[in-house]
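Peer 1: Use the sequences and the hints to build the structure in full.
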Amino acid sequence: MSIPPLGISEILTKFIGRAVEGSKSLVRPITAATLSTAETLLGLIKEGIAPDVGRMKESLIRKMEAEADEQAAEAKRKLAEAAEAANRADLPKRRDALAKAELRKRQADAAKTEAEAEAIRVDADTRRLQATAEARTRLIEAISKLQQEGGGAFFNGKNLQGILRLGYSPVETESENPETD
Amino acid sequence: MPILPTEDELKQLPLRAIVAYAARCARRVQPDFQPKEDRYVAVVREAIVCAENFARADESKRVDVATIAAEAYRISRIHVAAATAYYAADATRHSIAAVRDSSAEAAEKTVNAALAAAMLTADAAPPNDRKEFVMAAAVRDYQNLVSLGLGSFPEPGKPVDASEKGPLGWFWPTHERLAGLSPREFRRSTAHVRAREMSLPGIEVFIDPGKASKEVVQAVLESLSDLHRATEGLGLEFAADELYVFATEEAPT
Chain R
362 MSIPPLGISE
372 ILTKFIGRAV
382 EGSKSLVRPI
392 TAATLSTAET
402 LLGLIKEGIA
412 PDVGRMKESL
422 IRKMEAEADE
432 QAAEAKRKLA
442 EAAEAANRAD
452 LPKRRDALAK
462 AELRKRQADA
472 AKTEAEAEAI
482 RVDADTRRLQ
492 ATAEARTRLI
502 EAISKLQQEG
512 GGAFFNGKNL
522 QGILRLGYSP
532 VETESENPET
542 D
Chain Y
112 MPILPTEDEL
122 KQLPLRAIVA
132 YAARCARRVQ
142 PDFQPKEDRY
152 VAVVREAIVC
162 AENFARADES
172 KRVDVATIAA
182 EAYRISRIHV
192 AAATAYYAAD
202 ATRHSIAAVR
212 DSSAEAAEKT
222 VNAALAAAML
232 TADAAPPNDR
242 KEFVMAAAVR
252 DYQNLVSLGL
262 GSFPEPGKPV
272 DASEKGPLGW
282 FWPTHERLAG
292 LSPREFRRST
302 AHVRAREMSL
312 PGIEVFIDPG
322 KASKEVVQAV
332 LESLSDLHRA
342 TEGLGLEFAA
352 DELYVFATEE
362 APT
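Protein sequences, first through last, are from chains R and Y. Heads up, my numbering is the position in the first sequence plus 361, with the first residue counted as 1. Heads up, my numbering is the position in the second sequence plus 111, with the first residue counted as 1.
Just so you know, the hints here were simulated from the structure itself, not pulled from any lab data. One thing to keep in mind: the hints can contain errors.
[As the list claims (entries may be wrong)] Per the computed footprint, the stretches of chain R lying under chain Y, defined by three or more beta-carbons under 8 Å from a beta-carbon of chain Y, are:
(1) 399 to 405
(2) 433 to 443
(3) 455 to 461
(4) 489 to 497
(5) 509 to 522
[Claimed, not checked] As a list, the in silico PhoX-like pairs of lysine-lysine whose alpha-carbon atoms are at most 20 Å apart:
(6) K220(Y) x K122(Y)
(7) K519(R) x K375(R)
(8) K322(Y) x K375(R)
(9) K407(R) x K276(Y)
(10) K439(R) x K506(R)
(11) K122(Y) x K276(Y)
(12) K439(R) x K322(Y)
(13) K506(R) x K276(Y)
(14) K269(Y) x K407(R)
(15) K506(R) x K325(Y)
(16) K220(Y) x K519(R)
(17) K375(R) x K439(R)
(18) K437(R) x K269(Y)
(19) K437(R) x K375(R)
(20) K454(R) x K466(R)
(21) K276(Y) x K437(R)
(22) K407(R) x K519(R)
(23) K325(Y) x K439(R)
(24) K375(R) x K325(Y)
[Stated by the list, open to error] Here are the computed distance ranges between Cβ atoms for each label pair:
(25) D234(Y) x A480(R): 18 to 26 Å
(26) G523(R) x G262(Y): 29 to 37 Å
(27) T178(Y) x A471(R): 50 to 58 Å
(28) E463(R) x E170(Y): 52 to 60 Å
(29) K466(R) x D175(Y): 52 to 60 Å
Keep in mind it's a predicted model, so treat the numbers as computed, not measured. Beta carbons are placed, not taken as given, at the ideal position from N, Cα and C, and that holds for glycine.
Peer 2: Here it is, written out as structure tokens:
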């Protein structure tokens, strides 16, 4: 009985998804959106839908000399094309999202009464919760399809927790000089 | 305004999940309870912990749930957090009886206690504009509990961790948490987000294409970007960072 050497079975490419920047007035919603996204993805790790790449043995993840392997080079090319196509396909949706965000802001600014502002906020929150649930379902479906084809999508728990920590850590200057309500 | 789960909807869940739901409602208002007497804080904490322990089937600590619930009941008029903690303990007490005695009546009382816990937190969440966020968070918990498929009523069902470290996640989802903070906390939070602005790191995603086509991989990335937009962002832009080989150990032959 012999133990064969480690077999290279999977090729992982790390992508960094950066939030698209918006105008100054949209910075906070975009930051909150990144925190929400990180939170949802952490949920997928917890539910075992998308494994945490950090849980794989460090020794089993080795940086690759891309040119050394034809199979890896082809996978790299395919992934690069997929990322480019995703970014291209995203452009019209991004313009649409920007228009919607600006419209929401205008509506909120135009609210004449507290009740009106409240109604706009409640409506936006309801729509956001619904849209997030739907987007989460679509992401799970897309990951599932990739898994059916022998592939997989992994997230980095440490990266996601780091994003959330940054987003919610206390503000030093304010904690030194606490405000009074 | 989100609508809290009804009695019939709660009966879509097994008993441990219903108790987990009540415990999380109690946790949301627990920080608002700041009495002068430390022992009152301990009573509320114990009431919630016994509910959480029942939800995750942790029997390492033998506690007298009836006594804990009775103590919580005595202080339930002081503050809504105490009353909610009482209902969480009450749901636990009835669940234990329902399992032990196969009592349909006790199972019904579990549901009623959980309903009361949720309604109390929603009605009394200070300040008043937090109400919708408390309700949205409770609705989210309920939906997540249903999707976890923990079993059926009135069975005890699978254990579930009701804490923030469990599958239900934080008590306050991001937007709700930002908006549900006290005025002072909210100012801090917004000041903080402003200070960091776009300095948040990118989200890392590792893709193994397997035998999938470019389009299948593209769909995963697009879905991620759609998720960001659903939460009111403008989407994500992807760039390949590094290439790894993941080598799996093969079984001895």
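Peer 1: Flag every earlier hint the structure violates by its number, smallest first.
Peer 2: Checked against the structure, the hints that fail are numbers 11, 13, 16, 18, 21, while the rest are satisfied.
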